Amino acid sequence: ALGILATATTAVLAAVTAAVTASCWFLPRDVVAQLPESWRPRLPRIRRGLRGLFAAAALAVSIAYVTGGVMLSLGSQIAKDLVASDNAFTNGAVLALLPVVMGVTALAARRVPAPILILVGGTFTVLGVAALFASAQLHSLPWFLVAAAACGVGYGGTFLGGLTLVADLAPAEHRGAVTSAVYLLAC
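Position 47 of the sequence shown, counting from 1, maps to 152 under the working numbering, and the rest follow consecutively.
The set of hints was computed from the structure by calculation and includes no laboratory data. Where hints are given, some of them may not hold.
[As the list claims (entries may be wrong)] Taking CB as the label site, the calculated pair distances span: (1) 215 with 186: 32 to 38 Å; (2) 292 with 215: 21 to 27 Å; (3) 189 with 109: 26 to 32 Å.
Only a predicted model underlies this, so the values are computations on that prediction, with no experimental measurement involved. All C-beta atoms in this analysis are idealised placements derived from N, C-alpha and C, irrespective of residue type, glycine included.
Based on the provided sequences and hints, a complete structural model is requested.
Spelled out as structure tokens, the structure:
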């Protein structure tokens, strides 16, 4: 059954790749001629009034990235030890709780104000990392699941909060540059 699933997955990915490749035929050919002569790549500049907003948004997105990195790297080893399985699918299923909760949180909290998202997300991040530490010390799968769920809420809240902060407060003419700079700094 696993072989059939792998074959089907490969076929779907091959079909999507072929469709994307074929759609490239319809992309505009003469893009360089459409650019203004004075355009040059440059570092994004953040206006003085937006620097506090920018710093808060970048910090929130950085916290989300760090949380995801810790959970997916360190968490995979902890999950393997706690589940006590050499089966990568089983260990992956336990780890899958994190991105599922991230997505559900982001969808459910779309209308929540950015400062609340960042505050709640940060709180859940701290609780999730504490639960991850407890799961490693106690060798407890239930604590690990709590950690994954709490870190998922934390990631979803801080990431969405940071981007919402930029989208809500940055002027439209600077929104793209500020968002790009947030991503650049957060990485």
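The hints, checked one at a time:
{"no.": "1", "hint": "215 with 186: 32 to 38 Å", "result": "36 Å, holds"}
{"no.": "2", "hint": "292 with 215: 21 to 27 Å", "result": "24 Å, holds"}
{"no.": "3", "hint": "189 with 109: 26 to 32 Å", "result": "28 Å, holds"}
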